[in-house]
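For the record, the sequence lines run as chains A and B.
Just so we're aligned: 72 in the working numbering is position 72 of the first sequence, and the numbers increase by one with no gaps anywhere.
Just so we're aligned: 254 in the working numbering is position 158 of the second sequence, and the numbers increase by one with no gaps anywhere.
Note that these hints are calculated values from the structure, not bench results.
The reader is advised that the hints may include incorrect statements.
Result set (DSS-like, lysine-lysine): computed pairs, CA atoms no more than 27 Å apart in a straight line [stated by the list, open to error]:
no., chain 1, residue 1, chain 2, residue 2
1, A, K33, A, K60
2, A, K79, A, K60
3, A, K63, B, K325
4, A, K63, B, K256
5, A, K89, B, K125
6, B, K178, A, K79
7, A, K66, B, K178
8, B, K325, A, K65
9, A, K66, B, K256
Treat the numbers as computed from the prediction; the structure is a model and nothing was measured.
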Amino acid sequence: MFQPLDPLLHSELRLAVMSLLISAEEAEFPYIKEQTGATAGNLSVQIDKLSTAGYIEVEKTFKGKKPCTICRITPTGLKAFEDYIQTLKTYLNIGK
Amino acid sequence: MEENMNMTAERSLEIITQQIAQSRRAVSKVTGQSLFISGICTMCMAVVIAIINFILINHAIVGLGHLLWLVLPIIIWIFSRKYNKERAHAPVDIVSSLVAKTWSTFAWFVIGYFIIALIWGFVAARMLPPESYVASRIEVTPVIVLLMGMAITITGHILKQRWLVIFGITAGLICFVWEHFGMGQTIVLFLSGEPHLSLSAAAGATMLPCLTIFIFALVGLMLPGLMLKRQK
C-alpha cells in the first residue's frame, strides 16, 4: 500500500523551488525564477503557498534601493521534503 | 514550469535531481569566478611587487614593495564586485561558503601576521644590535606559504580535487623549507661564486618570494577557479 505524496510538494514548480532551496542556505527571487523558468506571477503564487504551509520563510528586504525577496527553507520544510523523498522511494521501489 | 499535480514518481525524481544539479553548477561558477579573480590579482600583485623591489634595491631599499600586499584584499574585493555580477543573485551553499571562509580565514591570519612582523621589525631594528636583530627577525614568506598550502589543501578537500590536496601539502612544505632556510639566496650566492651577494644577485633574491607566491596563486587559486567556472 502506497502512502500518499504530500500534495503541497507534488507539483512541478513547488518541488523545483524546494529542491533549489534544499542545497542553498537562501536564494533570491530572481535566481529561483531564472532556474525554474517560471513566470514571476506563477512563482509568487507558489512561493506564497509554500510560505503559508511553513515550508519556507520569505524575507522582503532591500538591496540598495531595489526591493529584494529572499527565500529560505524552514526545518518544517526540510522535514516535509525528507518525508516526500522517503515516500517517493517506495513508489520507485528503492531504498528498501 | 507549470503546476502539474499529476506527475509520475520518475518525473518528481527528475525535477529534484535536475534542480539540485543546476543549483550546484550556478554556485560552483560563482565560487570559481571568485577564486579566479583572487588568483589573477595575487599573480599581478606578485609581479608588480617583484618589479618594485627590483627597482628599489638599486636605491639600497630592501623589500619595501612587500607593503603592497596589504592592499591586495581591497583590490580583490573591488575586482570581485566588478566582474562577479552573477554573485548578485546566486545563492550561498555549503561548498561556496566553506571555500570563502577558508580563504577569508587565511587572509585574516596573513594580514595579522604581516602587521605583527612589520611592527616587530620596526621596533627590533631600533632597539637591538644588528646581530640580535637578524636572529630575532620574523620571516614572513615561509609562514605565508605554509598557510597558503594549508588553505589550498582544505579547498582541495572541499572541492574533492585530490590533485589540489597533494599540491597544497607538498608545495606548502617544500616552499616553507625553501623560504625558511633561504635556499633561493644560497643558490644565487653559489651561482654568483662570491662570498657576499652582489647588488644584482640580491635583487634577484628579493624577487624569489614573489615568484613563490605567483606559483601558489596560479595553481592554488587561478586553476581551481578556472576549473570550477568551466565545470559542466
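Flag every earlier hint the structure violates by its number, smallest first.
Result: hints 4, 5, 6, 8 and 9 break, sorted rising.
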